[in-house]
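*Asks:* Letter by letter, the chains look like this.
There are 2 protein chains.
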Amino acid sequence: MIYLDNAATSWPKPDCVISAMTQCLKEYCANPGRGSHGLSSAAGLAVSRAREKVAEFFNIKDPLRLCFTKNATEALNTAIYGVLKPHDHVIATGMEHNSVLRPLKTLERDRKISLTLLKGNRFGEIDLGELAQSFRPETRLVVSTLSSNVNGIMMPIAEIGEMARSRGALFLVDASQGAGSVLIDVESMNIDLLAFPGHKGLMGPQGTGGLYVGPDVDIKPLMQGGTGSNSELIYQPEYLPDLIESGTLNTPGIVGLASAIDFIRETGIDNIGKHRHRLVERLHEGISRLEGITVYSRPEKGKNSGIVAFNFDWADSNEIAYILDKKYNIAVRAGLHCAPAAHATLGTLRRGAVRISPGWFNTMDEIEYVIKTIEEISRQKNLQFV
Amino acid sequence: MIYLDNAATSWPKPDCVISAMTQCLKEYCANPGRGSHGLSSAAGLAVSRAREKVAEFFNIKDPLRLCFTKNATEALNTAIYGVLKPHDHVIATGMEHNSVLRPLKTLERDRKISLTLLKGNRFGEIDLGELAQSFRPETRLVVSTLSSNVNGIMMPIAEIGEMARSRGALFLVDASQGAGSVLIDVESMNIDLLAFPGHKGLMGPQGTGGLYVGPDVDIKPLMQGGTGSNSELIYQPEYLPDLIESGTLNTPGIVGLASAIDFIRETGIDNIGKHRHRLVERLHEGISRLEGITVYSRPEKGKNSGIVAFNFDWADSNEIAYILDKKYNIAVRAGLHCAPAAHATLGTLRRGAVRISPGWFNTMDEIEYVIKTIEEISRQKNLQFV
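Top line first, the protein sequences correspond to chains A and B.
For the first sequence, my numbering gives the first residue as 1225, with consecutive numbering after it.
For the second sequence, my numbering gives the first residue as 1225, with consecutive numbering after it.
Think of the hints as simulated: they come from the structure by calculation, not from any bench.
Using N, Cα and C, we set each Cβ at its ideal position, and we do this for glycine too.
Treat each hint with caution, since some may be false.
[As the list claims (entries may be wrong)] Here are the simulated distance ranges between beta carbons:
| no. | chain 1 | residue 1 | chain 2 | residue 2 | range |
| --- | --- | --- | --- | --- | --- |
| 1 | A | R1502 | B | D1494 | 57 to 67 Å |
| 2 | A | D1494 | B | M1588 | 25 to 35 Å |
| 3 | B | G1392 | A | D1537 | 55 to 65 Å |
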């Protein structure tokens, strides 16, 4: 099978990730921070080291401001519900995932906030002028995806961050697509809140993610509970990461994520980014010239985090994904990808799009096979073979 | 090392749990419910089977009412914040963990709910008469731990459930201590909401847990996000488990939990409960006769889920745990165990308690060694050897 669904979750994982997790589970998976015995300390130390590694990876100066979550969705909800107050105004791009859109739309529906969604161009790229004009005195938060999970389009994060900071608004970045192959620097990009999953481009396991909370951010937790600290308090401790991290952490998952970060550092984030871009560029070139095909992604590096989204004019995206899987053993995703706003922007709300997302472990030979396959499907316009 | 901190997290895990997780990570860890290709379907199927297994284990008739969470804390917060409305009254036992106490106390502080904490006897056992008298017309929720994480005391769950149902209140059970060795039947026990961790008595990995939401419960989610379903909706789908499960699930963790449930079923929950009780009973007998020791746990089966909590009159609990670890290689936990209310009940708020919590993999020989060790410490009253 050729796995090209890395935007959903990266697969396979580096061997070191799995062996680090197995070793943790077998040898020292006690409860981190909940005891002083050797095994608990070993688990606690592993979590601390992972926290430092991930923090360094995003240029987060104080590792204690990095909170582990179960996935990016929890991180995004923690940020959104944690910083917004009644009557706040929020600006978000038109390419946000449901993990941003649904909390914001729910708050808007309940008349707690007002919301401006930026219209993008046909690729979903935002207009910085439109952003500038969208600020109001009560704008507390700007939310942007690092890149779209539908077509891979990259947002001008540093520029948005600068604008948000100069207007006194907080800046939340959803790094679900791009973290691991695109350099993220919370300092130089003026990011106040960074949400990321561990299991996509970072190549860690599912069940991991995190939220960076910048020093200027006043945040309330989404939940309260045992923190292994200040047990005598009947309220949540007010310092990070304990404020946000309630209950037992996913120690083996976090250990796996740390090992994945090591793998990326050793491989080189630049090399990973370049490799993914070469595959995307070739795929884009190979299929965009076919008849009856519409490609929704831009091929340029800096404009695409690693996705080619397309449709045949004569077919539903799900049909194409089905054929690719069943007949050619190529795993891609079709449909709406939990991002209806993005599809509204791209004009694909009705039938979704076929999304091909290569990862570090894909090869150029695989991409050539995929191009040939899509050419073949293009020729056999009628779907008798299904 | 003798690991006796199973109330924090069970260790070691059954071999089958680790091998199931490794196999998942290596062979089919795609994104469950986020695609139609073979690998995604395999992951989705594994999650569905796990859901059915866990549901059956607790006699949950509709597996779709079982939602996976990252830990028990998320499940408890989802239940508490999801069902309570302004002006509601809540009754909880005096032995609740901070994962129950902190959300409830926060809601009470913010004047959203009123709260009655039941006083217990010196072991924390509640008085059903006091419970009966605590109901008010606006009592929406009764919360009880299945058993205390401090001293193992069991609560009369079925009786509390019956009383809550007859008064029209919902019943939330925190099964963090006991699930896996104590039989839980949501039907016969009148449980409306059951929260549990996967990594304690259930012997699954950290990063797993769940919340059962009964058919009479109207619940709001703690977060919203991608569900892989109804992607076109800008609001959260209203059916379970999607309402509660936002973002990518911890597939390898859930697969590990399912394997752990298999292990428990094959071993027999009764055998596990009996084994743990034999160890607790012997330990209780062995140390309670020592001079200058106070034991806070009851030894009887049905009164103890698997914990012996004690103090030497002349020492801080942390000192004893430290000596047990460093000199005798015995891992236990001391301090407040994230449950200050329970310590207030037991009269141990100042110095906490030493908690010994045997698990399925502990042996009687280990317990005999622990008893001898505690005898030795008892004789060497002065702590020169530290």
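*Asks:* When the hints from earlier in the document are held up against this structure, which numbers fail?
*Replies:* Violated hint: only 2; rest satisfied.
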